[in-house]
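Asker: Here are the chains, one letter per residue:
There are 2 protein chains.
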Amino acid sequence: MMQEIEQCQSGYLAIVGLGPGRRDLMAPRAVQVVQACEVVVGYRLYLEQIGDLLEGKAVHVSELTREAERATLAVQTALAGLRVCIVSSGDAGIYGMAGLVLDILAHKLDEAGTTATQREPLVEVVPGISALNAAASLLGAPLMHDFAVISLSDLLTPWETIRQRLSAAVAADFVIVLYNPTSRKRRWQLSEARRLLLEQRGAETPVGLVRNAYRTGQSVAIVTLEHLLDYEIDMFTTIVIGNSCTRVRQKHMVTPRGYKQRETKGNL
Amino acid sequence: MMQEIEQCQSGYLAIVGLGPGRRDLMAPRAVQVVQACEVVVGYRLYLEQIGDLLEGKAVHVSELTREAERATLAVQTALAGLRVCIVSSGDAGIYGMAGLVLDILAHKLDEAGTTATQREPLVEVVPGISALNAAASLLGAPLMHDFAVISLSDLLTPWETIRQRLSAAVAADFVIVLYNPTSRKRRWQLSEARRLLLEQRGAETPVGLVRNAYRTGQSVAIVTLEHLLDYEIDMFTTIVIGNSCTRVRQKHMVTPRGYKQRETKGNL
Chain A
219 MMQEIEQCQS GYLAIVGLGP GRRDLMAPRA VQVVQACEVV VGYRLYLEQI GDLLEGKAVH
279 VSELTREAER ATLAVQTALA GLRVCIVSSG DAGIYGMAGL VLDILAHKLD EAGTTATQRE
339 PLVEVVPGIS ALNAAASLLG APLMHDFAVI SLSDLLTPWE TIRQRLSAAV AADFVIVLYN
399 PTSRKRRWQL SEARRLLLEQ RGAETPVGLV RNAYRTGQSV AIVTLEHLLD YEIDMFTTIV
459 IGNSCTRVRQ KHMVTPRGYK QRETKGNL
Chain B
219 MMQEIEQCQS GYLAIVGLGP GRRDLMAPRA VQVVQACEVV VGYRLYLEQI GDLLEGKAVH
279 VSELTREAER ATLAVQTALA GLRVCIVSSG DAGIYGMAGL VLDILAHKLD EAGTTATQRE
339 PLVEVVPGIS ALNAAASLLG APLMHDFAVI SLSDLLTPWE TIRQRLSAAV AADFVIVLYN
399 PTSRKRRWQL SEARRLLLEQ RGAETPVGLV RNAYRTGQSV AIVTLEHLLD YEIDMFTTIV
459 IGNSCTRVRQ KHMVTPRGYK QRETKGNL
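Quick mapping for you: the protein sequence lines, in order, are chains A and B.
Just so we're aligned, residue 219 is where the first sequence starts under the numbering used here, counting upward by one.
Just so we're aligned, residue 219 is where the second sequence starts under the numbering used here, counting upward by one.
Think of the hints as simulated: they come from the structure by calculation, not from any bench.
In this text the structure is predicted, and so the values were computed from the model without any measurement.
Check each hint, because a few of them may be wrong.
It does not matter which identical chain is used: a pair holds within one copy or between any two.
EDC-like, lysine to aspartate or glutamate: derived pairs with alpha carbons at most 20 Å apart [unchecked claim]:
no.	residue 1	residue 2
1	K469	D328
2	K403	E285
3	K469	E422
4	K469	E338
5	K275	E222
All chains should be built: construct the whole structure from the sequences, respecting the hints.
Answerer: Structure follows, in structure tokens:
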């Protein structure tokens with residue numbers, strides 16, 4: 219499949235998730251795609267993670283907030299007939315760069331229309347182990363049953379929408395994974411989320427806090443919903459809030475597979 | 219870290235997700251863990267996927283439905299001081315074997331209590347690329363915004379609970395990922411789910427169907443909620459239902475990152 223990329227005459231555009239950070243949790247396909255590309259685009263911190271793969275390539279480093287700039291550059295490079303990948307941490311398909319890149323690509327292709335002299339590039343999204351997969355594995359097994367994934371960032375989404383989703387998820391007893399719980403500029407959202415969750419879920423509900431999963435400075439804690447705010451939580455933290463059945467079992471956070479299992483546990 | 223496993227004197231118990239099926243989407247850590255173990259436990263189909271790694275090991279093959287049997291065997295083997303891993307496809311932490319294994323382990327350790335002569339085994343959950351990551355990558359970028367993951371299997375969960383979650387998720391405009399949409403014995407649940415979703419979401423809502431992701435016989439289709447049932451869907455299919463902003467953009471299913479983005483799209 220490496221050959222397929224290198225023989226591609228009309229450009230190749232890959233959006234690649236690098237996984238949580240440790241090289242042994244990065245898919246071999248991601249390594250292969252980076253190696254096959256002439257141009258690599260990404261945020262500085264992500265590129266450092268794969269520094270050893272970048273020798274001899276054109277590398278475009280950009281700042282974290284310049285997503286549209288990175289995406290546009292990658293698309294234009296592929297449309298020019300080159301092999302390019304845009305990398306991000308975790309899974310580029312979960313709150314990642316994939317949407318922006320595909321949207322800009324579609325926009326450019328629509329513009330070119332049927333009179334396009336350029337051919338469409340080969341497009342590939344390489345999945346990765348995302349923050350939710352990584353956090354769950356370090357906590358034990360909190361995602362054994364239905365769950366909702368909610369970002370607390372209200373930079374691009376009205377808080378009212380986020381609030382409704384939190385309320386709906388807690389009312390229907392989903393396990394809840396929170397992305398972007400807080401940042402230097404956003405402080406009150408997590409506190410407000412906790413207040414909303416406590417309206418319908420017990421104070422003793424287990425909550426998993428995973429910071430820098432599989433990276434330097436990793437920390438993992440299982441706390442309670444009531445005391446959630448007593449711990450250090452930042453933009454590198456993923457939070458997993460148990461449902462009504464989630465328990466702490468010998469240091470692990472475990473959600474049963476089903477709602478009937480509780481009665482039959484003795485049979486295991 | 220291989221050394222850490224092999225020098226472990228008090229048993230080692232790993233629960234390993236093998237990813238969707240293709241070897242180049244399996245984490246190197248998963249390969250390493252299987253190689254370091256003396257005993258490997260798993261369902262036949264998953265073990266075939268890693269047949270080349272099993273030479274010289276004690277391999278316990280079991281049928282798909284015997285999860286508790288597999289989990290108990292793995293726990294007992296680790297408690298006996300051996301290095302054992304239990305493997306499953308996708309991510310063992312998402313509707314996978316991790317919960318059952320950790321629950322049984324906790325049960326055995328609780329039973330043994332403080333008088334235990336056996337020491338606790340080293341426990342590791344190795345995350346993997348799950349069906350949701352895999353399906354999203356093949357569809358484009360449907361999971362750019364908040365999403366809910368719901369299993370339609372009512373074998374261990376009352377349908378009323380599933381129904382409430384579907385209704386809550388659609389009302390709060392989550393993208394929805396459906397696991398276990400149907401099986402030979404469960405036919406009506408998907409049809410009922412579609413009916414519920416259509417009460418609050420448009421007939422033209424894009425729906426992604428991914429069958430056998432990254433496996434032999436892979437098929438990927440983007441259809442509409444209205445016509446969902448016209449396609450072949452089985453227990454190997456993952457379904458992704460768009461939210462109110464999800465669009466089909468040049469053959470890809472794309473959900474915008476935010477709710478304000480629609481207005482500024484022209485600026486990209």
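Asker: Each hint needs a verdict: does it hold in this structure or not?
Answerer: Quick rundown of the hints versus the structure:
no., hint, in the structure
1, K469 with D328, "between (53 Å within a copy, 12 Å between copies)"
2, K403 with E285, "within (19 Å within a copy, 46 Å between copies)"
3, K469 with E422, "within (15 Å within a copy, 46 Å between copies)"
4, K469 with E338, "between (51 Å within a copy, 12 Å between copies)"
5, K275 with E222, "within (19 Å within a copy, 36 Å between copies)"
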